[in-house]
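Enquirer: So the chains spell out like this:
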Amino acid sequence: MGENAQVTEQQKELATLAMQEFDRKQFTSCCNIMNKLMVLRGNDPRVVHNKAVADFCLSGSQSTDDFRQSLANVCQMAHVNLDSGEGLEDVDHSVLFYNQAIILYHLRQNRASLAILDKLFPFIDPLSSTGDEGLCKKVLLLQVELYLCTYQPEKAMGLLTYIEKNVLNGRITTEREPGREEGKEGSPSNTESSWENWRPMLSVFKTRCLVMMKSLKACKREIKALMNVQSSNTSVVFLKANFEYLRGNYRKAMKMLGSGPQMHTDKGECLTVMHYNNMGCVHFHLRKHHLGAFYFRKALQENENVVREMRRSTDQNRQHAGDNGGSLTLSGRPLHCLGMSRHFELMYNMGIELLHCGKAMPAFECLIEAVQIYQVNPHLWLRLAECCIMAYRENNDDDRKLQKRQEVIQGSVGSGVHRKLIMGPGVNQDKNSVGTPAIPAATLEFASLCLRNALQLLSGVPETSPTDTSQNEDKEDGKLGPEAVLLQAPPGNPMRAPEVHNLRCSVLCASSYVALCLNDYTMALEYAGTLLKLPRISGAQSYLAHMYMGEALVSLDRIADGIQHLNPDLVTDVATTLPDNKLDPEKTEKLEKESDPEIKGAFYPWCPRDVRTAKAIIQYNLAAAHAVRGEYDKATNYLAESSKFIGAPLPAQMYFLKLYLDLIEGRRKMAQFVIKEHFGHVTPNRIDMKVASMKPGGNTSTWNTE
Amino acid sequence: MGSNMALSLKELASLLSVLSEDATQTQSFEQIATSFHHYFQKQDHFKEAGQYDLHWAIPAITPAEKYFLSQLISSPTKEMFKKTPTQIIQMDVGNMQNFDVSGLMLALTERHSEMPAMSKFEQFGKPGQINPDVQRHCMEELFTNNKPPVENCMRPEFIRLAPPLHIAEDELCWLNPTDVEYNIGWDTTMCVSSSVGTEVRRLMAKAFKGPLNPQQSQQLLAELEKDPKLVYHIGLTPTKLPDVVENNPIVAIEVLLKLMQSNQITEYFSVLVNMEMSLHSMEVVNRLTTAVELPSEFIHLYISNCITTCETIKDRYMQNRLVRLVCVFLQSLIRNKIIDVKDIFIEVQAFCIEFSRIREAAGLFRLLKSLDSEDPKAVAQAKAISKRTLDGPWITATFIDELFLPVSELLKSAFSEVSA
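Residue numbers (the numbering used here), protein chains in the order written: chain A, 1238 to 1943; chain B, 168 to 587.
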């Protein structure tokens, strides 16, 4: 740096004094000393820098804009380019890089911050040995934190191991610069300077990594050790709750979270928001979705309150400082509170929870907001598509609703001989949406886009063979095997290979369905075919894939091929979860112990629930396929068979097919009878009296072949 | 059928008046057609045709009607149109010449077979014929409005089940408080660093730009020797390393040796390996190899880099110089056992043959051979191959170059011939 003159003894003394005051957080006196030093060495970039730091701290960390400007000036004076691709030239510039990274971190520009720290890393070793341990420690901790913020737990873990090996072990505080050591001893408030005091902090970091990597075995050990030492530490308590939550001990997790909402921490985080959010997560897993949504709503409200409160005090502070807003937007509130809002994380959780409440449209609104921030999360794109699908078809029992059944007969016109019955237009009508699919709306067209995004994001991960899964189990040391894939899914934890696989299956299944609904039969066939080729798919997915392929093939005029896929005898399982759900044996045991039957299985009910109904539905489709080919006898047989097991009330499609077959084969009387039996409201009594008397006691819910 | 089959109320009224009971009782088809054309433009014909079709779709038609339609579709005759519909219905078709609709049916089937099964479904409705008021009302209901019921299509439909919601074990975002407070840092080096650092930095900045005089470099090296950590303060980033190497190789060597403990050393190495080959860079690498143990892949990379540079250089004089340099460098590496000959044998041998006109290359080749023959396995292999190929035509050096494992005996003779 361009120090122009020798440092005098007096200046040295002043500098030491200033640092002491700074360490004791006596910022007023620190500023006074710095002012004196500024007069003497106003051209020394380091003096200018520390003056800016002192001013910033004196403002209660509020004058962020001013500080950024000063930092930029100092960089110019010292000929340092923070953004250049080149690394650090002089280890003495570390603090400039660090302070820039700190600001970016609090602005939640985590990647930019990390990029700066990466340049600093090669100098960690000289940094710690030239005496500035405090800074070295801060840099390392911030870097670990940033790796965690950017969901790179493996990197964070690597850095932690590096710290333990190279920094903690064999390091006795340096003998160099005894003056500074004395200075530290003189300030009792600065207790964290010793490396030994690091360990608990590192342990907390390690646990966070393990939780994020879902290495539960290693995590258990770490948590246990933590609880012995610092069981009153809030972050430890939250971590313990998080661990129990991941293990499936939801009651325990809830107990850990406690009942009373906590207040803010001094780190600018609102514990109340976190508390409600985590309670929401627990209730989601307990399948109490409405209660979960209640908690997420509370968390959102609390978050809004905090942000509003902060904004109000910001305005006051600004007025106080005579600043009327303008271009300076960051000043007025403490730096560590700039990024305190958890709005988007909460929106993400809320959206998923609402979807499971069956509220497709509100869920869509939440998730659309979240996806602006978390575009790389394939889960999120699938959930958006699911919202669209749910908006299009609320439930698979939709077809059985009274309203749908009534639409089979649209109405009647005329009277007497002229009386005509109007058949309805059918169930699967093309609901063409208006507007372009690129504009987010809960349409199938948009769903198709979302699903393509999800597939694209998943495409980077190779498909694993079923034998690979065991290797992904965590090893003893808590490190992942080399095959373990961690795919980013912010704001949730990164996904491991089995999760990626499951997600891919679900995306393919939904893609096939959406393509079918959009009359894109070729793609529907392709997606379903790909799905069927994957190992380890759930019973329901295999069932659906065959069903979709059947319909797509029939629509592509390959009816014979289609019929192959619609064989009801092939349906053996329609569970939505994987048959050998590879849960931790310990976890399953725990689940059983808690004897909470609702915890197992799907988060959201899906119809058909049993194999019998599922068989009947696919048999109905078989009947429809035969009817398309003009094989009316077969169709009639299958239809009759299906109607026995499909369960009441019958889906509207069955009435259509029944009437279609009767009319096309000239069984007018039979058609009239069916209409009379099921749609009495549109038929005048006298017409069908004789038909009814012809078939006394006819079974009305099933149609036997004549 | 077109989706715009809906008729406006006025159109429907016109059509009904044309086809009214009275008219059809008395007028011939020709007359009906005339009045039809009176009301409707040509582009509407298809619309109307659609409605006509519906008349015969359901209910079942009589043989007389069937005859009429078949005539109408296949070969309409003038006389036919002179009759009124009533006349036709009352016509006795029994003694008509054998009319055949099977051809028509065949044509229809053919047309259908060209379409996918799913699109064969057409609409059918059931308009009636008797009470004019009710009838008109009926027709209005069926044919007019936004979505006329007559467009309703009946066909077998699949039950299309939506997939279940995805099940993820860990999808939601759990929030944990951070444990550490991240605050702005104080520059502890303020007013404590001595002026020594400044002088070293000044000298180093000079060293990037040009050669230092012996006294200056002596001073620089002495300061670096005094404080082993000073090397991190002199502003030497990997990208700046080539400048020091070219201008002050002695300084570069010392600095690199000081940086050996740094976790960035591999970056310095990779810059060194990939920089333009020169006497100075070679000197630095050579000195480094004798002072510390370098990763072997790094040395191999450097050798390949050197060989490529020699091969591609255009200036003949420079090429000779560089080749000599490389040969001496390689000999030194081999004699000091810094590299294993086996690892680079083929590449270096090819290099020697290509530049066999240069004395140092021949020397290096002889060195290679002497080392190679120490390996009994290689000797045996070489002998076996030489037996096979000795009888063949004379093999040029460049040809041998292409052989995967060159024949040592043959090579030697070829080589002596070339050098002679």
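There may be inaccurate statements among the hints.
What the hints assert, rightly or not - Quick list of in silico lysine-lysine cross-link-like pairs, PhoX-like style, CA-CA up to 20 Å:
(1) K1525(A) to K1489(A)
(2) K1356(A) to K407(B)
(3) K1638(A) to K1596(A)
(4) K177(B) to K1356(A)
(5) K393(B) to K407(B)
(6) K1535(A) to K1525(A)
As the list claims (entries may be wrong) - Just the calculated beta-carbon pair ranges, DEER-fashion:
(7) Q1801(A) to I513(B): 55 to 61 Å
(8) L1277(A) to T479(B): 33 to 39 Å
(9) T433(B) to N1318(A): 45 to 51 Å
(10) N350(B) to A1462(A): 26 to 32 Å
(11) N350(B) to K1492(A): 31 to 37 Å
(12) D1355(A) to S463(B): 25 to 31 Å
(13) E478(B) to P1674(A): 56 to 62 Å
(14) A1462(A) to Q428(B): 48 to 54 Å
(15) N350(B) to N1318(A): 34 to 40 Å
(16) T479(B) to K1402(A): 40 to 46 Å
These aren't lab readings, by the way, just hints derived from the structure by calculation. Don't be surprised by glycine CBs; every beta carbon is placed ideally from N, CA and C.
Enquirer: State, for the Cβ atoms of N350(B) and K1492(A), whether the hinted interval 31 to 37 Å holds or is violated.
Expert: holds, 34 Å
Enquirer: Is the gap between the beta carbons of N350(B) and A1462(A) within 26 to 32 Å?
Expert: For N350(B) and A1462(A) the Cβ distance comes to about 28 Å; the hint holds.
Enquirer: I want to verify a distance hint. Is the separation of the beta carbons of T433(B) and N1318(A) within 45 to 51 Å?
Expert: Hint violated: Cβ distance 24 Å, outside 45 to 51 Å.
Enquirer: When you take the CB atoms of Q1801(A) and I513(B), is the distance between them in 55 to 61 Å?
Expert: holds, 58 Å
Enquirer: Are the Cα positions of K1535(A) and K1525(A) separated by 20 Å at most?
Expert: holds, 16 Å
Enquirer: Note whether the CB distance of L1277(A) and T479(B) lies within 33 to 39 Å or breaks it.
Expert: violated, 59 Å
Enquirer: Given the proposed pairing of K1356(A) with K407(B), does the C-alpha separation stay at or below 20 Å?
Expert: Within the cut-off at roughly 15 Å; holds.
Enquirer: For the pair N350(B) and N1318(A), does the Cβ-Cβ distance stay inside 34 to 40 Å?
Expert: violated, 24 Å
Enquirer: Decide if the proposed pair is consistent with the structure: K1525(A) and K1489(A), CA atoms, cutoff 20 Å inclusive.
Expert: holds, 16 Å
Enquirer: Is K177(B) within 20 Å of K1356(A), Cα to Cα?
Expert: Since the Cα atoms of K177(B) and K1356(A) sit roughly 81 Å apart, the hinted pair is violated (cutoff 20 Å).
Enquirer: Quickly compare the C-alpha distance for K393(B) and K407(B) to 20 Å and report which way the hint goes.
Expert: Roughly 23 Å separates the two Cα atoms, so the pair is violated.
Enquirer: Is the distance from the Cβ of E478(B) to the Cβ of P1674(A) consistent with 56 to 62 Å?
Expert: For P1674(A) against E478(B), whose Cβ atoms are near 57 Å apart, the range 56 to 62 Å holds.
The structure does not agree with the numbered hints 4, 5, 8, 9, 14, 15 stated previously, though it agrees with the rest.
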